[in-house]
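Protein sequences, first through last, are from chains B and P. Mapping of the first sequence onto the working numbering: position 343 corresponds to residue 343, and the numbering continues sequentially without gaps. Mapping of the second sequence onto the working numbering: position 20 corresponds to residue 20, and the numbering continues sequentially without gaps.
These are computed hints drawn from the structure, not numbers from a lab. You may find that some hints are simply not true.
Covered stretches of chain P (in silico footprint by chain B; criterion: 3 or more residues with CB under 8 Å from a CB of chain B, positions within the stretch not fixed) [claimed, not checked]: (1) 82-95; (2) 194-206; (3) 218-224.
To give a feel for the contact side, a few chain P residues facing chain B, derived at Cβ under 10 Å [claimed, not checked]: (4) S24; (5) S63; (6) D68; (7) R72; (8) A151; (9) I169; (10) S170; (11) N235; (12) V291.
No residue lacks a Cβ here, since even glycine has one placed at the ideal position from N, Cα and C.
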Amino acid sequence: MRQRRRRRLGTVAAAALVLCGLAGCGTDDTGPPTLTWYINPDSGGQASIAAACTAEAGGAYDIAVSTLPRESSEQRQQLVRRLAAGDSSIDIMSLDPPYIPEFAQAGFLAPVPPDIATEATQGVAQSAIDGATWNDQLVTIPFWANTQLLWYKKSIAQAAGLDMTQPVTWDQLVTAAQGQQTQVAAQGRRAESLVVWFNALIQSAGGAVITQTADKPEDIQLGLDTPQSQRAAEVMSGVANSGVVGPAFTTAGEDESVASFESGDAGFMVNWPFVWGRAKSGVEEGTLEQSVVDDYGWAVYPEVDAGTPSAPPYGGINLGVGASSLHPDLAYQAVQCITSDENQKAYFISDGNPAASLAVFEDPEVIAEFPMAPVIAQSLQQAKPRPQTAYYSEVSGSLQREYHPPTAVSPATGPDAAALIQAVLSGEELL
Amino acid sequence: MTTTVPPGVGSSVEQPAARPTGLSDRIRAERRLGWMLAGPAFAVMLLVTAYPIFQAVYDSLFSYRLTDPGNRSFVGLHNYWVVLTDALWWQAFGVTAFITIVTVAVELVLGFALALVMLKALKGLRPILRAAILLPYAIITVVSAFAWQFAFDLTSGFVNSWFAWLPGISADTDWFGQTGTSLLVICLAEIWKTTPFISLLLLAGLAQVPDVLQEAAQVDGATWWQRMRKVTIPNMKAAIMVALLFRTLDAFRVFDSVFIMTAGANGTETVSFLAYRQTIARLEIGLGSAVSVLLFLSVVLIAFGFIKGFKVDLSQARGEK
């Protein structure tokens, strides 16, 4: 009896295999090709755009979304592993800009057709174009562009006598916070967010982490042993040791910062614009008072030296097409649809992620929803990307090791970090 | 008055006094059958265990970056030199050794106590008690690491408010802000998670100690502590060794708790975290493989040291001799 059942099972399995072979197993030959879009987690905006573009394609292709991990470094890891193995299921991917050079250099990205490249750069913030470019060529398409703002409580800034219509410096913020016995929330955790902060400080001081990039890792020139780097370290250490940061400062990331800003512990904060969307949903859900949100103020990122415009952090997401994709042409058509001004605007409104296209910031609907849109647009024009190199994760990891905890940063940190990066890049030291 | 069970006691089969010098046809046929039965499993083991190890050894001899396969070059033992001369490796090694020693020592004491409780518990209560004690072990390590992280977190955690009456703990205590406190929480999470495992192994060892020996010692007037020291513990030496060995090897590979709670910040990096960072984050397959091979060698050395140090012949423990 048991033997007969086993034999029957075997027959079923064999039949399934044959059928599978005939049908091409899994690939639906009759319908339109399915393009898989690997997205970073969001509030559902990218999935809605995928559905809209599938409908618009009129049967030319379907877009299916697949969600990547939450942390950008983990998104990179998953994509690299798949792309290095030649995974053809990656048609479109949402990429964090600092990792784009690495992907481009490794040949993971399908080349951007020239006509699409020209169209994709028209009316787009310069920082977004810079972040999408590697070796003077556009290798990805800007989708949304992010930048950090200086968030403040209007009541506290007013009580401290700060004129927020004019640019303020980090020193002014610290003094104001000390006077008002409030906190300045920044990201002191050993993570990418610390590098974002340090990079903004060194760029605002007029310097750069990498002054000259190169294909060979040991030929990369660093700017960490410069007066600008010292100045950045001075500001970082000054903020961290001023007594105006929270007790968990050395473990605080963006979410912790915004929590302390919402709770009223922090009167000032540097953070991405998602804090506005979060505050509004907090009010809707009843977890945040409307009066707290009414007190929110925003300005361009603080300056390091008075009179020298700041270089706010640039983030966001660009879209790349996988080099092993079976349908790169269709994927680029889909990317064009996804990154249309209309969809960028929809995404800005639904998920609070600012558009890369500057025209979107002038849309009345957007301004009604995001009153800080003009400041974001200005910030995007001023913003500077993180070091552009194919070895970004090594540079970032080394900076995280040396500049953490920010309370221990000293004038020697810059040269130490430079030595570590050089040793790590030439394969002589662990990270 | 150490009383130990002589080899062979309790086994129903009479053991031969001396090993036969030549193999009979029957033994040879049995061995052949043994190989035929175990052969496929052995081949699968080789495929899934030995192959990745040899691949790692091979990769560790190259300078090889996953995103730059064109520039792969043979560097011999250079990667090992880089790792072993790097202070970071020794720091990670020290942290790993610290976590291993502290957690295994505490777990052994706690696990033994729990095993005694389980052994002595009333028959009706025993299954419930065992299930309750084993529960933490059933939880996925990453999940338990998150639970401990949330508990000690400054904003979401309850530990600071519950234990504020203790000196040194206040609402502002940032557990993950310093090396010492971070390691304390990591050790606590590990202990909570794996003490059940060690106690289960020790319970098996305790159950094996024949009641006759305990009764004989009791008749001789031995106290509870004397019986424990002279009868119980010597008779469960093999079980203790297996428990310690398994847990030490497991503890030496600690990764999840560190990854979730501190991500290696404040000098809490362990050896497996270091291997992860080189291989997965940096994509330096050669350097990462060298770290992994060194981790593997450390684990082999620990196992070898335990078996030699405890002078336990496992085949004897199984009643083969």
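Right, here's what the structure says about each hint:
Taking a C-beta to C-beta cut-off of 8 Å, the region 82-95 of chain P contributes 5 residues in contact with chain B, enough for the three needed, and the coverage statement holds. Check result for the region 194-206 of chain P against chain B: violated, 0 residues qualifying (beta carbon to beta carbon below 8 Å, three or more required). Counting residues of the region 218-224 of chain P whose beta-carbon sits less than 8 Å from any beta-carbon of chain B gives 0, not enough to reach three: the coverage restraint is violated. The closest approach between the C-beta of P/S24 and any C-beta of chain B is roughly 36 Å, which is over the 10 Å cut-off, so the hint fails.
With 10 Å as the threshold, the beta carbon of P/S63 comes within range of chain B, its nearest partner Cβ sitting at about 6 Å, so the hint holds. Nearest Cβ of chain B to the Cβ of P/D68: about 7 Å, under the 10 Å cut. The hint holds. Interface hint status for P/R72: violated, as the beta-carbon distance to the closest one in chain B is roughly 12 Å, over 10 Å. Below 10 Å, beta-carbon pairs count as interface contacts, and P/A151 has none with chain B, the closest being about 15 Å; its hint is therefore violated.
For P/I169, the interface hint is violated, the least distance from its beta-carbon to any beta-carbon of chain B being 13 Å, above 10 Å. Taking 10 Å as the C-beta cut-off, the interface hint given for P/S170 holds, the closest approach to chain B being about 9 Å. Checking P/N235 against chain B: minimum C-beta separation of about 44 Å lies over 10 Å; hint violated. Hint status for P/V291: holds, given a least beta-carbon distance of 7 Å to chain B, under 10 Å.
In summary, the structure is inconsistent with hints 2, 3, 4, 7, 8, 9, 11 from the numbered list given earlier, while agreeing with the others.
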